[in-house]
Amino acid sequence: MIKLNRRTLLKTGAASLAASSVLGTPLIAQSRSLKIGSYGGYFENSFKEFVYPAFTEATGITVESVTQPNSTDWLVTMQQATAAGSVPADLSLYARDTLIKASRIGGLLKPLNLKAIPAASNLDPYFVFEAPEGPLGVGAMSWFTAMVINPGEVDAPASWAEFWDSTIYESSLGLSRNYNSQFLDIVAATFFDGEATFATDEGILAIIEKAAEIKPNVALWWSAESQMEQSMKNGDVIGGQYYLDVANLMALDGFPIKPIFPKEGNPQDYGSWCLSSLSDKADEAAEFINFSSDPATQAIMSRKIGTAPLVDQSKTDLTDEEFAFVSGTPSIKPAYEAYLDKETFIKESWDKMLAGA
Amino acid sequence: MTVAEHIETGPETARAAKPLSAVRLLSWALTAVIVTLCVVPFLLVFVISFGRKIEGAAWVWDFTLANYQRFFVGALWPDDVTFLYLQQLGFSFWYAVIASLLAVLTALPFTLLLSRLSRRAQAAWLVFILSSLSLSEVFIVMGWDILLSNNSGLPALFKSTGLTQWLKDTGWFQVLRDWGLASPRNVKFKTSQFATILTMSYLVWPYAVILLYPALSRLDRSQSEAARTMGAGGWCVARTVILPAIRLPLFGTTLLLFVFLLGTYVAVTVFAAPAQHSTAVAIYSNIRGANLNAPFGAAQAVILLMSAGVCLALGHRINTWAEAR
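In order, the protein sequence lines correspond to chains P and H. Quick note: the first sequence uses numbering that gives the first Met the number 0, first residue 0, plus one each step. Quick note: the second sequence uses numbering that gives the first Met the number 0, first residue 0, plus one each step.
Hints were generated in silico from the structure; no laboratory data involved. Among these hints, one or two may not hold up.
[As the list claims (entries may be wrong)] For lysine-lysine, the following DSSO-like pairs were computed, each having C-alpha atoms within a straight-line distance of at most 27 Å:
no., chain 1, residue 1, chain 2, residue 2
1, P, Lys47, P, Lys280
2, H, Lys158, P, Lys257
3, P, Lys232, H, Lys167
4, P, Lys257, P, Lys332
[Said to hold, decoys possible] Okay, the calculated bits of chain P under chain H, using three or more residues with CB under 8 Å as the criterion:
no., stretch
5, 66–75
6, 98–111
7, 172–182
8, 217–223
9, 233–243
10, 342–349
[Stated by the list, open to error] Here are the simulated distance ranges between beta carbons:
no., chain 1, residue 1, chain 2, residue 2, range
11, H, Phe138, P, Pro68, 16 to 26 Å
12, P, Asp311, H, Gly170, 56 to 66 Å
13, H, Ser135, P, Leu251, 30 to 40 Å
14, H, Met141, P, Leu251, 20 to 30 Å
15, P, Ser85, H, Arg23, 36 to 46 Å
Backbone N, C-alpha and C define an ideal beta-carbon position, used for all residues, glycine too.
Bound-form chain P, shown alone (with noise of 0.2 Å):
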């Protein structure tokens, strides 16, 4: 009897589940979602406040936030979960070098459908990042490393070059610790002939050797941020290498540091929406990416998250002094192929010339 009863029950049971799954099918499509990763803290805190639900009211998709921790670590958890079959994200924020190095690695990625993402032609092609099985990333958004300096201390310099004078900057400065941090690619662009230096072993030496020289004033070789952040603050550093949009915010808060553009420029590195492989919502991924890149959108992200548009100034309703806040020129170009086609080389020449052996 009970066994009998147990059986209709699952009988029913099938049928109505069989039946609401036809019923409910335009109720899921209406509720579309999409998972997007941004790197945590203020940055992706700005994100799910004022980037998020305006998408959303523009589209009706949900947006899901997921944290990565930076571009490079992502990418090592990203690799793994596609292994595994059930990735965290849809779409990830790449960093140019590490989206070309997914690319390498292949099967990570998905080709983008470039005709869903009309938008994206308000972006520089080098911003669209193609590789031979289509378009892989398109940029998000652009984030220079400046100079800084602490302003109570010391003149702005007009150079890059002004660093390496002992007078001033003895044991004074903090400067990245990683080899492709982008402090290879400004000693290329003061002292020699920028990317293209980079094209021989004998030249990236040479950039290695130069860089060498700026030892004695360095106080600090920062590996996080917050270090650098801290020694500002601290005092035990008065210069050096530091991201434009944290300096802008640490200086709003009274912090004695300002960032400066040098005539040689700072280096303008990009983040890319990337597809992972996995994911089933190309479609909502591509109208995200189109959203992302309107000059509207690259405004608020610029306002509100203090990142450089992708897109012309004069496309988007940023004042020339909210523009200068995030930007600035020239730029320099990081000389990412050179990094990773020579990327043991370059590193053991880099820490061979930081630890003195």
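Once you've looked at the hints, dock chain H against the given chain P.
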């Protein structure tokens, strides 16, 4: 075989049939836990250390000894030779040796005095020291970072008390600059080996006290008193009576702290200049996403572990040799 049968029949029946086999089942379960949590990860690191890095991408499984070769002569061998990684291993040992010796040497007189206090006072001190162990390395490094900072720490004190000016007037400031302990404006204690070793020994100091305490509190005080009545001075008593009696725990403590400190990461990465970085820092910079060279990181980890093993074995050998004499 019997164990397999017990697993099939389930723990309840096993316990009912024979109380002892439940214990055995537990020990097998524990072994399984240890194997999955300790042995498998270690084997994984060992296997990965033979992998191959692909330039500009990630790494693949392989069997190559290139990572071990790179550790000793660098990646560009035979065109170029570098002892960078050996130098880093050297710094790992240098910091661990000096910091553990410093911790034990300063903890020894403290613990000796502690063991002569009243029981109440002893308990209070021990609770205080034990509770300080709850602070993680990150907190301790952060604390010392603030204490040594220019605007909020020791350099600020130097400046406000006029000590900096005095150093400048007497010419000692130039000496400090030559040692890398001053910028043109003020003294600076980071980054320096001084700050690194100070923080590392501070980190393990509570362990030193807790490890030395049992031995020192069991010391037979009548022996020291007997030596005293025979006319031996305080130093003589310490050297000929107390030290020989606690030689073993003293040696064991130093060795334990040394091995513990070999893997220090946060203190070295914050307080040491890149020229004085250790293997632990190098391992992390290799495996993290910016480089994705887990095989070389794993090879460095295996070598660090083997070096620690050799040190422990040597320590044991020296100890048994000293015992035999």
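Verification of the supplied hints:
1. Lys47(P) <-> Lys280(P): holds, 20 Å
2. Lys158(H) <-> Lys257(P): The given pair, whose Cα atoms are some 25 Å apart, holds under the 27 Å limit.
3. Lys232(P) <-> Lys167(H): The given pair, whose Cα atoms are some 25 Å apart, holds under the 27 Å limit.
4. Lys257(P) <-> Lys332(P): Holds, because 22 Å separates the two Cα atoms, which is no more than 27 Å.
5. 66–75: Three-residue rule met by the stretch 66–75 of chain P, so holds; n is 7.
6. 98–111: holds (count 4)
7. 172–182: Coverage by chain H holds for the stretch 172–182 of chain P (3 residues, Cβ < 8 Å).
8. 217–223: holds (count 4)
9. 233–243: With 3 residues close enough to chain H, the hint holds.
10. 342–349: Since three or more residues must qualify, the claim that chain H covers the stretch 342–349 of chain P holds, with 5 doing so at under 8 Å.
11. Phe138(H) <-> Pro68(P): 16 to 26 Å: holds, 21 Å
12. Asp311(P) <-> Gly170(H): 56 to 66 Å: holds, 59 Å
13. Ser135(H) <-> Leu251(P): 30 to 40 Å: holds, 32 Å
14. Met141(H) <-> Leu251(P): 20 to 30 Å: At roughly 25 Å between Cβ atoms, Leu251(P) and Met141(H) fall inside 20 to 30 Å, so the hint holds.
15. Ser85(P) <-> Arg23(H): 36 to 46 Å: Hint holds: Cβ distance 39 Å, inside 36 to 46 Å.
Of the numbered hints given earlier, the model fails none.
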